[in-house]
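Here the protein sequences come in this chain order: R and Z.
Per the numbering used here, residue 1 is the first one in the first sequence, and the count goes up by one each step.
Per the numbering used here, residue 1001 is the first one in the second sequence, and the count goes up by one each step.
Hints are computed from structural coordinates only; laboratory data are not their basis.
Cβ coordinates follow ideal geometry from the N, Cα and C atoms, glycine included.
Treat the hints with caution; some may be incorrect.
[What the hints assert, rightly or not] The following label-pair restraints were derived from C-beta to C-beta distances: (1) Arg1324/Z with Ala95/R: 51 to 57 Å; (2) Asp1033/Z with Ala268/R: 53 to 59 Å; (3) Leu1091/Z with Asn155/R: 18 to 24 Å; (4) Ser191/R with Asp1321/Z: 39 to 45 Å; (5) Arg1306/Z with Ile184/R: 33 to 39 Å; (6) Ala260/R with Arg1268/Z: 55 to 61 Å; (7) Thr3/R with Pro1144/Z: 51 to 57 Å; (8) Asp1033/Z with Asn155/R: 25 to 31 Å; (9) Gly157/R with Arg1268/Z: 52 to 58 Å.
[Stated by the list, open to error] Below, simulated DSBU-like cross-link-like pairs (lysine-lysine); rule was C-alpha separation at most 30 Å, straight line: (10) Lys1256/Z with Lys1229/Z; (11) Lys37/R with Lys210/R; (12) Lys137/R with Lys1042/Z; (13) Lys137/R with Lys1057/Z; (14) Lys267/R with Lys256/R; (15) Lys277/R with Lys210/R.
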Amino acid sequence: METRLRATLPDHELLRLYEQMVMSREFEESCAEQYTKGHITGFLHLYSGQEAVAVGATAGLHVDDYILSAYREHAQAIVRGADPRRVMAELFGKATGICKGKGGSMHLFDPNLNFMGGYAIVGGQLPIAVGLAFSAKYRREDRLAACFFGDGAVNQGTFHESLNWARLWELPVLFICENNFYGIGTEVHRSSALASIHKRTCGYDIPSEKVDGMDVIAVYRAVKHAAERVRETSLPYFIEATTYRFRGHSMADPAKYRSAAEHEVWKARDPIPALAKRLIEEEITDAGHLEGILGNCRTVVQEAVKFAEESPWPEDEEVYNDIYV
Amino acid sequence: MTSTSEMTYRDALNMALREEMSRDPSVVVWGEDVALYEGAFKVTRGLLAEFGEERIKDTPISENTIVGVAVGAAMGGLRPVAELMTVNFALLAMDQIVNHMAKIRSMFGGQTFLPMVVRMPGGGGSQLAAQHSQSLESYFMHCPGLHIAYPSTPADAKGLLKSAIRDNNPVIFLEHELLYNSTGEVPNDPEFLVPFGQANVIRSGTDVTIVAYARMTILALQAAADLEKEGISCEIVDLRTFSPLDTETIIESARKTGRAVVVEECWRTAGLGGDIAHRIHEACFDTLLAPVKRVAGLDVPMPYSRKIEKICIPRAETIADAVREVVSRKY
Ligand SMILES: Cc1ncc(C[n+]2csc(CCOP(=O)(O)OP(=O)(O)O)c2C)c(N)n1
Ligand SMILES: [Mg+2]
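Extracted from the complex, chain Z is given alone in its bound form:
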């Protein structure tokens, strides 16, 4: 049996950074306030003391250049892990992310590769209003050339971040701000890795498949517990990575249950849930017992007031309602 320790999602990420920095001197970390201040969300706590200022570096508030310098450093042989204070500020770095990081390998005919990670906390639910509550996963998923991960548990946070750092492809690593304090058992093994492109069936069931990721997975679990009391058995697929996307596991589950609900935190319109729902429809059309339903963020700029912010983000109840609808559909 491998030993585990109970820890937070934040500490699991910290553990991953620490282990990879110890293992490989080419791993360097930078971002706004990551060194002396130890990170806006304290994910980089203790790294300056342990690794020194050559390897963990504060940067100016220059998001595009934070990513661009990582692109250059990766091309030069390092494994930079850049932190953007939150995903919202990634919009200032979209040029380096989309035009450079995602394209350099391909447009230069495969002559180089970029072993780099850009970490970004994000998601809504903290009354931070329109500019600080966004879920931009679909923006990244739309762009070929990136690997993208978004862990839901502390163990996945560790295992996926370690895989991201060892990946020779450029990785967008999303972290949910409301999950930092969540706890779970995390393997102590410094070789514990969670591979990219392998969705996790975190609950098995027979009536309906719920496809979710990150915090949406936690909500789906709550919904499934309630639905179980009503006699509805839910299977939950946690995507873990959007790229590569494990379409196979999604389809296998939807084939088995015959029904699916796709949950996404991002805006519904042109959101990734539409793509996933379509994949299910195309592959499982003959065996589906109902059309796939989507639960998504409302198509509005996030309001501040907690009373109305709440209704803009999927909740366990809205997921449960969608499941009930899919299950009760008459033919």
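Bound-form chain R, shown alone:
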């Protein structure tokens, strides 16, 4: 049962969710283009298709809450407030990048936004999120740590160690598993004995739920509710958001292991047109306005590319900086 949009959020916030999803999509599609041109190199994992998760979840959190993610994290960083120009410059490897060109696509970070990093070791960010939650609790700060990870991470030792630890020490961690059903080319039921990921948390006495990760409003409501609960109880909570990536695992992957039929089913559930349809049906806005939003996002992304192109490369001496304090 779909709730009416206006019952959830005021109009301007609904439009902001829409804009953030469009921005994420446009940014990613532009990255693909820049990769093809050779401006972005290395690994590039795009988020197209999964926008509802990052956007809905971020809206359900407080700005003081920590966010950590894996390597498919451009959208999480930008939705949290990272400047798309500096994110694009990072992907180009330029000195003006958000991490001075040292992190690249997989390692975005901005402590001023409490965006505590993109991590490229599958499962590596989970213990770190637990540690951030511990420091928050110890310092009597009113914040939680929201930790995104993929379905592939749930078979790592750190997943089990971190869930157990967060519950044992009663820490405010919100675990958000983005289940896009594949870890590179391996489908969940071929890697997990219990493919229904949210059910795994009973071994750690952590309450969990599954949410439709293609529905930004559903994700927002689930995360907002979960975050309130984590804050009130200072106990962890677990959300599995089912979603789908429209592209291959990375730019190097043509995704031949997925059928066209499967792809079509999920394409039909694209979270962006889905929200657009509802916004129009419920007369919150009209198609013209949504076109305007798309145009604005494209301009921002074009400016980001221009900024990245025109930015200087890091100096060679820079390799020795920032290793030690």
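With chain R's structure known, arrange chain Z with the ligands on it following the hints.
Only chain Z with the ligands this time, still in chain R's reference frame:
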């Protein structure tokens, strides 16, 4: 004169933890069996009673996460001191140590720092066999982004651990299991610190430089005492920290004596002694009177039987033999 007390290496470490926890409420300690059980080696004795369970915490047997939680807590503004029960189990934490702890500052463009310490007892010689007798210092030294200390005396144990806790860089702090009961004078001053990156010339001599660390330093001192009777004068450089490495002091000493023996407890192949010997060769080639010799652990998994375990670890005799060889080399 600053006052000192005689105490063990273990108690000196305990004193350092106690003083730093009293000084700074952001210092928190955790590890397997560190609180209620007071540590596998009793280094954390009395801390639970004094500081309570919010600041000294037992953890599950989850080494990678013990380190990872410390990484997160350090990023969040605390100064965690994590204990891994022994260095052997650090191998389960190598992902958090090498991929996270050592890299986060750099790969995020210097936007954060990790004021954290991971303590690990280690070393061989207690008939604990292959999985519990390792010396992994070279593993850590190979990885940029870490500070690494390994004290040889109770005073250094206190001063280096206090510096480690105050350091804004992530520190691997190695402790030798066979040194915990060793005793020495330790300054009572709660501001007594031993800085990182300053090797200690613990014995001066004229014929040969012995570069050593931790328990190897103690063995080198014994060797030097024997060699003195033969008329060979040894200078001993105790490294104290592998990172930063005080290359200057090593080279200055080797230049002066013209000969050097590098002693390491870890396996010889790709061991840190090879790196140090090379630094000496490169800097002192013209003044060296003999090639630098290495004394190292044998390249074997440690056997249990004490008869054969003994030959796998450097001894005072093997160090003395190496010195004799270097000194007697004919040209
Ligand atoms: C420890 C580790 N093992 C393997 C890899 C290689 N790898 C990168 S992504 C990936 C799949 C992860 O899938 P998932 O967690 O579902 O995230 P998704 O890519 O679907 O977002 C693998 C195996 C890695 N980066 N880290
Ligand atoms: Mg996946």
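* **Hint numbers contradicted by this structure** => 4, 5, 9, 11
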